[in-house]
Amino acid sequence: MTALSYHDLPLLKSPVWTWEVPAYFFVGGAAGAAAVIGATAQLTGAGKDLVRDARWIAAAGAGLSAPLLISDLGRPERFLHMLRVFKPQSPMSVGAWTLAAFSSFAAAAAFADLVRRKTDWPVKLAGDASAMLSAATGLVMATYSGVLIGATAIPVWNRHASILPVHFGASALGSAVSLLELRDHRHSALNALGLGAALFETIADVALEGSLAVRIAGAFSGPIPLALRLLGARKGAAVSTLIGSLLTRFAWIEEGKTSHALRLREPVGEGSPRR
Amino acid sequence: MTTTGFFTDSTLCIGCKACEVACKEWNDVPSDGFVFSGKSYDNTLGLGHSTWRHVKFVELETKIGAGGNAPDFMTWQFSSDVCKHCEHAGCLEACPTGSIIRTEFGGVYIQPDICNGCGYCVVTCPFGVVDRRPDDGRAFKCTFCYDRQKAGEQPACAKACPTQSILFGDLEELERAADARIAKLHAAGMTDATIWNPKDTSVGGTHAFFLVRGEPSRYNLPAKPEVPTTYLEPAWKAAATAAGVLLGAALLAFALFPPSPRRAGRGLG
Numbered sequence: 228m229t230a231l232s233y234h235d236l237p238l239l240k241s242p243v244w245t246w247e248v249p250a251y252f253f254v255g256g257a258a259g260a261a262a263v264i265g266a267t268a269q270l271t272g273a274g275k276d277l278v279r280d281a282r283w284i285a286a287a288g289a290g291l292s293a294p295l296l297i298s299d300l301g302r303p304e305r306f307l308h309m310l311r312v313f314k315p316q317s318p319m320s321v322g323a324w325t326l327a328a329f330s331s332f333a334a335a336a337a338f339a340d341l342v343r344r345k346t347d348w349p350v351k352l353a354g355d356a357s358a359m360l361s362a363a364t365g366l367v368m369a370t371y372s373g374v375l376i377g378a379t380a381i382p383v384w385n386r387h388a389s390i391l392p393v394h395f396g397a398s399a400l401g402s403a404v405s406l407l408e409l410r411d412h413r414h415s416a417l418n419a420l421g422l423g424a425a426l427f428e429t430i431a432d433v434a435l436e437g438s439l440a441v442r443i444a445g446a447f448s449g450p451i452p453l454a455l456r457l458l459g460a461r462k463g464a465a466v467s468t469l470i471g472s473l474l475t476r477f478a479w480i481e482e483g484k485t486s487h488a489l490r491l492r493e494p495v496g497e498g499s500p501r502r
Numbered sequence: 012m013t014t015t016g017f018f019t020d021s022t023l024c025i026g027c028k029a030c031e032v033a034c035k036e037w038n039d040v041p042s043d044g045f046v047f048s049g050k051s052y053d054n055t056l057g058l059g060h061s062t063w064r065h066v067k068f069v070e071l072e073t074k075i076g077a078g079g080n081a082p083d084f085m086t087w088q089f090s091s092d093v094c095k096h097c098e099h100a101g102c103l104e105a106c107p108t109g110s111i112i113r114t115e116f117g118g119v120y121i122q123p124d125i126c127n128g129c130g131y132c133v134v135t136c137p138f139g140v141v142d143r144r145p146d147d148g149r150a151f152k153c154t155f156c157y158d159r160q161k162a163g164e165q166p167a168c169a170k171a172c173p174t175q176s177i178l179f180g181d182l183e184e185l186e187r188a189a190d191a192r193i194a195k196l197h198a199a200g201m202t203d204a205t206i207w208n209p210k211d212t213s214v215g216g217t218h219a220f221f222l223v224r225g226e227p228s229r230y231n232l233p234a235k236p237e238v239p240t241t242y243l244e245p246a247w248k249a250a251a252t253a254a255g256v257l258l259g260a261a262l263l264a265f266a267l268f269p270p271s272p273r274r275a276g277r278g279l280g
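Note that the protein sequences, when read in sequence, are chains A and B. Start counting the first sequence at 228; every next residue gets the next number (our numbering). Start counting the second sequence at 12; every next residue gets the next number (our numbering).
Next comes chain A alone, as it looks inside the complex (with noise of 0.2 angstroms):
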């Protein structure tokens, strides 16, 4: 019987993606996360301090997730050729227009945040706004990341396109809660909101077929916090979150670099690698 491929060598290229999109996913997706939490609390009237600090972690990880992405280029002093064009059928456009007008709102609401402490100066409603828009965007930048490497060739993230986004998202949530944990807010919606991205992110550790590492990735972000949690151990639940969560990350970048050669194993004369 003759070879389903050419001298088994892979027909996909790996991917050339190195630390800082991995770590890009992470951070962005919790500051977008926070930006939701910090608008959210704001409306239903929850503390200033938590309003404030979740603008402020917002702002941060906008202001880290520019650097990490410009660093992975091959070009880094291109960046600006990001903003040539918008496309909304590449989510990598849609992701950097995104990121954009993100790190706008966020810092400007953090900023107007600084203003108001330090000054008399009007500015609750610009801030306020910026706040609103940063959680509207936040909501994109939690979850476009699964878009991004769902929409690939690459068979083992096209096979989860329709997942990855949604897992994306719980681990951000997760991850946004638990840096305000570990800012000292002990507010219970916090809890809540980490026990159900836990609980989300149980099932999907059980459900989803990832090699090891994604699992044990997503055992940090699952159920070990959701044990902690219900334990009542919320630092530690909130620790294992952001190491899972950033894992999560990693691991499934790495898994694209390995599943290039699943191609091969797939019958390749027959099916189309979508399920």
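Simulated from the structure, these hints should not be mistaken for laboratory data. Misleading hints may appear alongside valid ones.
[As the list claims (entries may be wrong)] If we take Cβ atoms under 10 angstroms as the criterion, some of the chain B residues that face chain A in the derived model are: (1) D53; (2) A251; (3) A253; (4) P269.
[What the hints assert, rightly or not] Taking lysine-lysine and the DSS-like style, the derived pairs with C-alpha atoms no more than 30 angstroms apart in a straight line are: (5) B/K161 / B/K210; (6) A/K314 / B/K195; (7) A/K484 / B/K195; (8) A/K275 / A/K462; (9) A/K351 / A/K275; (10) B/K235 / B/K210; (11) B/K195 / A/K462; (12) A/K314 / B/K50; (13) A/K484 / B/K35; (14) A/K314 / B/K235; (15) B/K170 / A/K484; (16) B/K210 / B/K195; (17) B/K161 / A/K484; (18) B/K210 / A/K314; (19) B/K170 / B/K50.
For every residue, glycine included, the Cβ atom is placed at its ideal position computed from N, Cα and C.
Let chain A serve as the given structure and place chain B on it in line with the hints.
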């Protein structure tokens, strides 16, 4: 402007690699190392950032008859591979800078002065053609000799091919020529000859298509390639659902749970 194409007929290829050399010379493509692969006489192994034409050496079982050899020798098939210049090109759709464009000849072209090396085209090409050159930082692939075509010339590889295995011309004319060729080969008894052009897939056909013998997968030509834009709809729907649930859950959590009196936020200021 007419849409041009490549019709590469592996039954005429003699494996001389003149196309690889002509491509490298015309386009000033750098060396990609000097490595003995041990895989037949193929030491370049595949298309990449510095190999834009690549001659594959496929070893088939001994077969006497048309195109075959004496029984004590294996049957060799050579096939010159190239960027497929897809009708629906994954790299072109995904390129966030607009560096990758469709030329007036229907080819897919990376503008080197625009590319910022984001690497997204590398993972959205269903044929593993595009690659980022590490020491340069930008993505490279076959340009379809856009410069030569603009000057009314044929691409360097087709010009150099000594056996007319690589045919260049009007795409529709080439498709008719391929149909005539396959009919002739089948009539001569070479019944395993097939044309690979994935017109019935989401790729929508390719402007570079191939005539090969046996299973196209032996030549790393997948039977059912998919342009990754087909995954956009399920992925964005999932993202929208996730975003909706995230927002709803946050609103609900803060509405249901009153601020905790034990809160001890310190603030950052």
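The hints, checked one at a time:
For B/D53, the interface hint holds, since its Cβ comes within 10 angstroms of a Cβ in chain A; the closest pair sits about 7 angstroms apart. Annotation: B/A251 was flagged as interfacial toward chain A, and the flag holds, the nearest CB pair being 8 angstroms apart, inside 10 angstroms. Nearest Cβ of chain A to the Cβ of B/A253: about 4 angstroms, under the 10 angstroms cut. The hint holds. Annotation: interface hint on B/P269 holds; nearest CB of chain A at approximately 8 angstroms, less than 10 angstroms.
Simply put, B/K161 and B/K210 have alpha-carbon atoms about 27 angstroms apart, close enough for the 30 angstroms limit, and the pair holds. Between the alpha carbons of A/K314 and B/K195 the distance comes to roughly 45 angstroms, so the proposed pair goes past 30 angstroms and is violated. At most 30 angstroms may separate the alpha-carbon atoms for a hinted pair to count; A/K484 and B/K195 exceed this at roughly 43 angstroms. For a cut-off of 30 angstroms, the pair hint linking A/K275 to A/K462 stands: about 21 angstroms separates their Cα positions.
Distance restraint check for A/K351 and A/K275: the Cα-Cα separation of roughly 13 angstroms lies within the 30 angstroms cut-off, and the hinted pair is therefore satisfied. Only pairs whose Cα atoms come within 30 angstroms are accepted, and B/K235 paired with B/K210 is accepted, the gap being roughly 10 angstroms. As the CA atoms of B/K195 and A/K462 are separated by approximately 75 angstroms, the hinted pair breaks the 30 angstroms bound. Note on A/K314 and B/K50: the hinted pairing is violated, with a Cα-Cα distance of about 41 angstroms set against a maximum of 30 angstroms.
A threshold of 30 angstroms between alpha carbons decides the hint, and for A/K484 with B/K35 the separation of about 28 angstroms falls inside it, so the pair holds. Taking the CA atoms of A/K314 and B/K235, the gap is about 26 angstroms. The hint holds against a cut of 30 angstroms. With a CA separation close to 37 angstroms, the supplied pair B/K170 and A/K484 exceeds the 30 angstroms bound. A threshold of 30 angstroms between alpha carbons decides the hint, and for B/K210 with B/K195 the separation of about 22 angstroms falls inside it, so the pair holds.
Proximity of B/K161 to A/K484 is assessed by CA-CA distance (about 38 angstroms); at most 30 angstroms being required, the pair is judged violated. Taken as a hint, the B/K210 and A/K314 pair is honoured in the structure, with Cα atoms around 25 angstroms apart against an allowance of 30 angstroms. A C-alpha spacing of about 28 angstroms is found between B/K170 and B/K50, which places the hinted pair at or below 30 angstroms, so the restraint holds.
When each numbered hint is compared with the structure, violations occur for hints 6, 7, 11, 12, 15, 17.
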